[in-house]
Every structure is written in C-alpha cells, then in structure tokens.
Amino acid sequence: MPEVVIQTDKLTKRFGDFTAVDEMTFEVFKGEIFGFLGANGAGKTTAMRMLTGLSNPTSGKATVAGFDVYKKSENIKKNIGYMSQKFSLYEDLTIMENLQFFGGIYGLSGEQIQNRSKTLIEELGLQKQANKLVKDLPLGWKQKLAFSVAIFHDPKIVFLDEPTGGVDPAARRQVWDLIYAAADKGITVFVTTHYMDEAEYCNRICIMVDGKIAALDAPGELKKKYKVQTMDEVFYELARGAKRNE
Amino acid sequence: MVSAKELVKTYGEKKEVVAVDHVSFSVKEAEIFGLIGPDGAGKTSIFRMLTTLLLPDSGSATVEGFDVVRDYKSIRNTVGYMPGKFSLYQDLSVEENLDFFATVFETTVQENYDLIEDIYVQLEPFKKRRAGKLSGGMKQKLALCCALIHKPTVLFLDEPTTGVDPVSRREFWEMLKRLQKQGITILVSTPYMDEANLCDRIALIQNGKILSIDTPQNISAAFPDKLFAVKARQMSMLLKELSRFDKAKASYSFGEYAHVVTGAGESNDQGEFEKDLKNYLHDKSLENVEVKAIKASVEDCFIKLLK
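Chain order of the listed sequences is W and H. In terms of the working numbering, the first sequence opens at residue 1 and continues consecutively. In terms of the working numbering, the second sequence opens at residue 1001 and continues consecutively.
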C-alpha cells in the first residue's frame, strides 16, 4: 500500500450558516500529483487553508504529513511547501537572497542553503541571473523559480494554487516538467488549476462542487465514467449544476 | 472599427522597457478580435492606449475614426472598457455602481437596459449587495454591465476570464457572442489559448510584438510541420524519451497526449516518421503506445512561434 500523506474524514468548515466545505473525505498518497478542481466558490481555497494549517476546521478530522490539523498546525507548516500565482517570491530581493531568506525561514543551515542554492541555480540554468532582482525575471522564470523555492526545504507535500496562471504555453510546460520531477522524487503535489489540459497531468483529480467532492478519480476513469473525450467536458458536466457562486 | 499603426509604448526613465513594439492591426465592425498572449506581453498597454488612458510613444491609432490622442474625448464616449483588475466601487451596491456609470455618461439605466438585460437579470437578486462582497463571477458580470451601460460601439475587455473557472468562462463567451449580434465590436485579451477559437480573428502576442494575426483557422492551418499526438501508459517516461528522439523537432505535453513535431530534414512521408516513432518508443519499452497524426491547434502554433 502506498503511504498516505494527506487524510481527511468529514472535514467541514462553516462561516456562520454558510458551509464552505461540507464533510470532505479523501486520501492523497506519497509522490502523487493530486489535482484539486472546482468552480470559483466551490470551497477549494477554504479546503486548502485548512490543509495548510492556516484555518481551523469546524468539524471532522484531517492529518497532513502525519500531523493533526487542529493540534499540530505548526508542524504541518514546516513539512509543506506552498506556492501561488499571486505571492511566491520577494520581487525586490535577488534570486540568491530569496533562496537564503526562504531557506532560513524553514530552518535550513547556512551550509545547506549554500549547497542547495548552487545545485538549484545550475539545474535551472540561472547562473548569470543569480544576483539579479526577481522583478527583472520574465514571468515564466519567476514561476519556475517560485516552484523550486517552494520545495527548497524538501517538504513532504507541496501545495500549488494556480501555479501557471498567465504564463506562456511553453513556460507553463516547463513548470510542469519541474512538478513531474518533484513527484518522481517522492514529493506529493496538491495542485489547483483552471487549465483543464493540466488536469490531465495529474494522477488523480478531485472535483469540488458546492463544498462537496463531486468526483474523485484518475482523469481517464472520469472521462470514461461521464462518456466524454476531455476533462473540460467532465468539469462542465459536474460544475454546471453548481448552485452557489462564491 | 479600430486601427493601430506602428504603436510603440516604453516605460522607464531611459525607455528601457519596450512594452509595445511597433504593433499594427485593424478590427472590423462587429468583429470579436482576440489579443492572445501571456502576462507581460503588452496586451494591457495596447488596450490602455486605444482607450486613451495612456499616450503612445509613437505610432497612431483610431477608434471609430477618432484619433486616440486628438479626439480622446469622443473616444471615451464611444468605447466601453473593462480593465483586468476589478475597478468598480467596492462600497457601492450593484445598482448604485450601475447608476453611477450611467450618470457619468449622462444616460440612465432604463434607457439602455435592453443591452444589459440578459446579464443583469443574473445580478438582480443581489442588487442591494455591495460590489466588494460579490463572487468573482458576479463581479465580472457587473463590470461588463457597467462597461455597456452608455451603449458603446466598441468594447475593450482586458483578460475578462483570467482566474475564472471553465463553466463561467463558457457563459461569459456566450454573452460576448450575443453582444456581437447587436453590432458591438469587441476586443478581448486572454492568456487562455483555447479561447482563441471563439474569436473571429486573433493576434498572438509576446514581448510587445505581434507574432501572427489571422483567423484561428488560418493560423492553425499555417502550422509548417507535421504533428502527432502520442500517448502511453507511462506519460512521464514518454515525455523524457520523446525529448531524446532525434528525428523529432520538438515534443511537449498536451493534455492527456504528448505532441511531437517532425524534424526539418525529414521527408514529408508521414507514414515513415510514424513507423520510426513507434519503433523507437517500443524499444524504450513504453506500453500501450498510441500515435496519431493530428492538426495543429492555436496553442501548438504559439509554442512554435515562441521558439
């Protein structure tokens, strides 16, 4: 049996009389690329905030990287990486300074930071840019770097919130090459996206509708089940019936 | 009718950032024209020059026959503009925002209600709600109503569907098609390549330059190479092995398939390339291999042009 790294049991979050996430139960396995999809307002962000230790659930259970989301949220934060489209790196710091900063935050030693930075910069081919400000990098490069920074401390799980929004189609694929490589190394990837072609790159997909899990399976199985050709159509079948809109 | 000639826009003290680099195009009446490109390509700068919010460094442009510099006041009464960033008054309610924009343009909501009716009925249940408290999809619909309330003949929509889920995106495009039928000219920008096919004509744009302008069909048809879609049980391994296949010019992931572009030196013998490819993948012990010749999509063309 593959190792379970995220486990939830009837995980629920209410805001007043509004149930943002409604009894969500699922498991994510080690090294898996797990796609988390849903319409705007389906509850994705709320669910992600609970799993990353930023928001306490109202009821239900969840463990992330082996830690309980209620009691051990600080341990969770140390064992995960996070990257979003909006915030990822400090624009006014250089590439090297960002690596030192994030390495330091996650408690890496000076030596570890130095060694890993060297390897990373070589792998990304950024030797010439290492001392340039992040704001001067093209967006595609920023997102590749941001992903690398999110896994710099070798977390068990990395959460990616629309990691490729607005990125050109070639750079989008390069970000995904990095995601594949991280998964091959055993890092679990939990990713949200609005690009349905990217949903195909996931091992399994969870589609949220109105706070509940409407479907959870491999992309191929979902297409078979709904008798359609693309993930776009699967999504449309499930999400068009959604009642709420954030 | 929109026409841009050699538009240039630079930023920075020494004009070191060239955001828009000699861009020319024209848009016909009641056409949906798409500017397709990633963040930073120059889409917003082009829209802001055409809507008279930004002065070009050089070049010229007209909207409905009005010059963007000289006749800026006329243009402002003629066009509707929906910026990429939500720019309505967050503390005003839905109906207050709409009233405000109608009043600024010296008209009333009643006068042009027929134009927004389709969209506004979906907002009506929330008309007393403050705009800042609306969902993403609803904000977008309200912004579109506010951009339409003075009955513009040209509509500029800057990334209206960015970050919007596929279902709402589809609905939004259906709204645009209805507006087009009423004779409105629509310029829309998007980073989503799949939306290119919903436009009548598109310009692919990167680093301030237009890479190609045509109908999506013609752009796809002009793809110079042969293209194959390949699938195998082990996709991650397939992509790695394809990148080492020296008879291929390029290979990249594409949804559930990988796309493979044939090498320049290869003959046009499609069958032979397909056979070589299959043999190669078989030698690399990939399982359940499926290879089929396909037509290029706009996204394939964009990737090709980026190289």
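Derived by calculation from the structure, the hints in this document are not laboratory data. Just to be clear, a hint being listed does not mean it is correct.
[Claimed, not checked] Within a straight-line C-alpha distance of at most 27 Å, the following computed DSS-like cross-link-like pairs (lysine-lysine) qualify:
no.	chain 1	residue 1	chain 2	residue 2
1	H	1085	W	135
2	H	1177	H	1226
3	W	212	H	1133
4	H	1177	W	243
5	H	1231	W	30
6	H	1240	W	132
7	W	86	H	1209
8	H	1014	W	135
9	H	1284	W	185
10	H	1231	W	224
11	W	30	H	1240
12	W	227	H	1240
13	W	243	H	1209
14	H	1249	W	223
inquiry  = For residue 1014 (chain H) and residue 135 (chain W), compute the direct alpha-carbon distance and say whether it is at most 27 Å.
reply    = OK: residue 1014 (chain H) and residue 135 (chain W) at ~18 Å, within 27 Å.
key: Agreement of residue 212 (chain W) and residue 1133 (chain H) with the hint, judged by alpha carbon distance not exceeding 27 Å   = Judged against 27 Å, a Cα distance of about 23 Å means the pair holds.
ask   = Does residue 1249 (chain H) pair with residue 223 (chain W) here, judged by a C-alpha cut-off of 27 Å?
value = Given pair residue 1249 (chain H), residue 223 (chain W) is violated - Cα atoms ~31 Å apart, limit 27 Å.
query = Taking 27 Å as the top limit, are the C-alpha atoms of residue 30 (chain W) and residue 1240 (chain H) close enough?
reply = holds (22 Å)
ask   = Given the hint that residue 1177 (chain H) pairs with residue 1226 (chain H), does the C-alpha gap stay at or below 27 Å?
value = violated (33 Å)
task = Compare the distance between the alpha carbons of residue 1284 (chain H) and residue 185 (chain W) with 27 Å, and conclude whether the hinted pair is satisfied.
result = holds (21 Å)
inquiry  = Check the hint pairing residue 1240 (chain H) with residue 132 (chain W) against an upper bound of 27 Å on the C-alpha distance.
reply    = violated (31 Å)
key: Agreement of residue 1231 (chain H) and residue 224 (chain W) with the hint, judged by alpha carbon distance not exceeding 27 Å   = Between residue 1231 (chain H) and residue 224 (chain W) the Cα gap is close to 16 Å, so the pair holds against 27 Å.
ask   = Taking 27 Å as the top limit, are the C-alpha atoms of residue 1085 (chain H) and residue 135 (chain W) close enough?
value = It holds: about 20 Å lies between the C-alpha atoms, which stays within 27 Å.
ask   = Taken at face value, is the distance from the CA of residue 1240 (chain H) to the CA of residue 227 (chain W) at most 27 Å?
value = violated (30 Å)
ask   = Is the Cα-Cα distance between residue 86 (chain W) and residue 1209 (chain H) 27 Å or less?
value = Cα-Cα ~25 Å, so holds.
request  = Mind checking the alpha carbons of residue 243 (chain W) and residue 1209 (chain H) for me, to see if they're no more than 27 Å apart?
outcome  = Violated, at about 42 Å.
The earlier numbered hints that this structure contradicts are 2, 6, 12, 13, 14.
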